[in-house]
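Asker: Here are the chains, one letter per residue:
2 protein chains.
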Amino acid sequence: MSSASADVETQDLLLSLARTAEAIESLLDALLSPKPREGELARPEPLLAAMRHGVLGGGKRLRPFLSVETARLLGGDPEQALRAGAAVELVHCYSLVHDDLPAMDDDDTRRGRPTVHKAFDEATAILAGDSLLTLAFDVLADPATHPSGEVRIALVRTLARASGLGGMAGGQMFDLAAEGRFDGGAPRSLSEEDIRLLQAMKTGALLAASVEIGALVAGVLPGQSAALTAYGKALGAAFQVADDILDIEATPEALGKATAKDAGKGKATLVSALGLAGAKRERDRLSEAAVAALADFGPEADMLRAAARFAAARKS
Amino acid sequence: MSSASADVETQDLLLSLARTAEAIESLLDALLSPKPREGELARPEPLLAAMRHGVLGGGKRLRPFLSVETARLLGGDPEQALRAGAAVELVHCYSLVHDDLPAMDDDDTRRGRPTVHKAFDEATAILAGDSLLTLAFDVLADPATHPSGEVRIALVRTLARASGLGGMAGGQMFDLAAEGRFDGGAPRSLSEEDIRLLQAMKTGALLAASVEIGALVAGVLPGQSAALTAYGKALGAAFQVADDILDIEATPEALGKATAKDAGKGKATLVSALGLAGAKRERDRLSEAAVAALADFGPEADMLRAAARFAAARKS
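Chains A and B, in that order, give the protein sequences.
Heads up: the first sequence begins at 1167 in the working numbering, then just goes up one per residue.
Heads up: the second sequence begins at 1167 in the working numbering, then just goes up one per residue.
Do not take every clue at face value.
Copies of the same chain are indistinguishable here, so a pair counts whether it falls within one copy or spans any two.
Only pairs whose alpha carbons sit at most 30 Å apart, straight line, appear in this in silico DSSO-like list of lysine-lysine [what the hints assert, rightly or not]: (1) Lys-1201 <-> Lys-1427; (2) Lys-1399 <-> Lys-1201; (3) Lys-1201 <-> Lys-1481; (4) Lys-1446 <-> Lys-1427; (5) Lys-1284 <-> Lys-1427; (6) Lys-1399 <-> Lys-1284; (7) Lys-1284 <-> Lys-1431.
Since the hints were derived computationally from the structure, they do not count as laboratory data.
Construct all of the structure, not just a fragment, from the sequences and the given hints.
Answerer: Shown next, in the form of structure tokens:
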């Protein structure tokens, strides 16, 4: 591919990402309206405001984008995929709200704004995260997400499995343990294999689930498409190595959050295991592996290919 | 009813409660086994241990009991109801783990043992709560809970709606706000109506959902049985007034947690609104309203009637 065509591809991707981000923003805004829904007794104001703070006004919305584009590739309904992708985004946002807490990563800034516990307080941030996680499953259970109950419950299963003990939350636990929290403060030295497992759980599982969820909306069960499974896993891994590199190379202004935190905390990253140059090579290898996984698809998969390259090459 | 027959009824109830509690304990133990399930990459040890600490070894297990007995009343499968009730119990336990956190109610003891953040640390307790909530939906999504995907997704919807912003978590937010957290520390004086709304959300919603979930397993949709809806709401309200009274009258040893905390924190309770004697009358009125709601059922509903009386008269 010539560099000119790569540029066009990037512009198409950014335009398409922006369009999905706008649609997701408006859907999340509607889901977090002040009006109680059927079976709800009230929507208490400070909690609702904290949930909105944690969810609205930013983010690349890469996860819903993956759901929408995967569904589109397989002939699924993009509107249904958008709702399912909104559930993934709610899980992603809840995890950021809780990760930022003083007892966890203790961050004051996120997306260029105060974190939820800074803008509100810790108790409200804990409850806001809990409520965002709960809302994710509420959204998936809604018939508006997909007319088939069998599909909706498969979405619930995929999202729950990717998010909990054996996925994202478990990966976060490995991450804290690697900082040495349970060994009197001395960071543990993890093997490269352990770091890859940690990252596959902490970040990879939810990104891979975003792809599977898009496929499910189109009627393709998890694991039924080995190509898409391989694509999601490689993209998820590439995304996290890129994150590790950005923590070193990007400015806090570009990222909208503090940088250079990983080394300070003794976090286990692929930069610490492979060095900066090695990590960049690995990032690009993973991104190309994601692209290669889609070899059997034609140009209709170009957007997903571009997304894999973007996950690696992004500057924020 | 003579006092002798009431005694027999109570003994039957306690025996049946103990049987369900034993079955739930063993089911939760199996759900929290070290072996990763399909789609899980690993089950990190400190997190799994914290989840087990927060869930196993105690509790009346009233919520799964209500699910099982409601399903039994309506001809549903008690084993399926037990699994669905385990999901409700997981949500209940996650809420206790998070409520006990220093930023929330700051409790050191629960069920006579250290709370999760005391036995582990705050970060692990936050992640354990998150993972228990996530596991609840994973359990409901499992075909072992019910063969019909339509029923399972209705279970998800009912549990999510009762647990989140418009239910339990929202009620907890009202509770913290009533302590004056957002008004510089001065407790707000809530109206009796506001207190009832707070309690209907904080405690009532999940207890009422336990009944609805049992009905769903038996194929009865939420709201389809006005009698069961009224029963669940009245039982939930009676349970919370009884809790308010126990906070004053019980010993920490009997409750397995600190007592006399509500007045100290300026918590809004029906004891503060109605006085102790008034709250007891209200508790008994609500419990009898729950019993009365089941008037159209025969002796096959005796266990649910006994459960409503137990929710009010329990000593711990």
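Asker: Give a verdict on every hint.
Answerer: Results of checking the hints against the structure:
1. Lys-1201 <-> Lys-1427: Neither, since 40 Å and 33 Å both go past 30 Å.
2. Lys-1399 <-> Lys-1201: between (38 Å within a copy, 22 Å between copies)
3. Lys-1201 <-> Lys-1481: Answer is neither: 38 Å inside a copy and 39 Å across each miss the 30 Å cutoff.
4. Lys-1446 <-> Lys-1427: within (18 Å within a copy, 55 Å between copies)
5. Lys-1284 <-> Lys-1427: Both ways: Lys-1284 and Lys-1427 sit 19 Å apart in one copy and 27 Å across, limit 30 Å.
6. Lys-1399 <-> Lys-1284: Neither, since 34 Å and 36 Å both go past 30 Å.
7. Lys-1284 <-> Lys-1431: Both ways: Lys-1284 and Lys-1431 sit 21 Å apart in one copy and 23 Å across, limit 30 Å.
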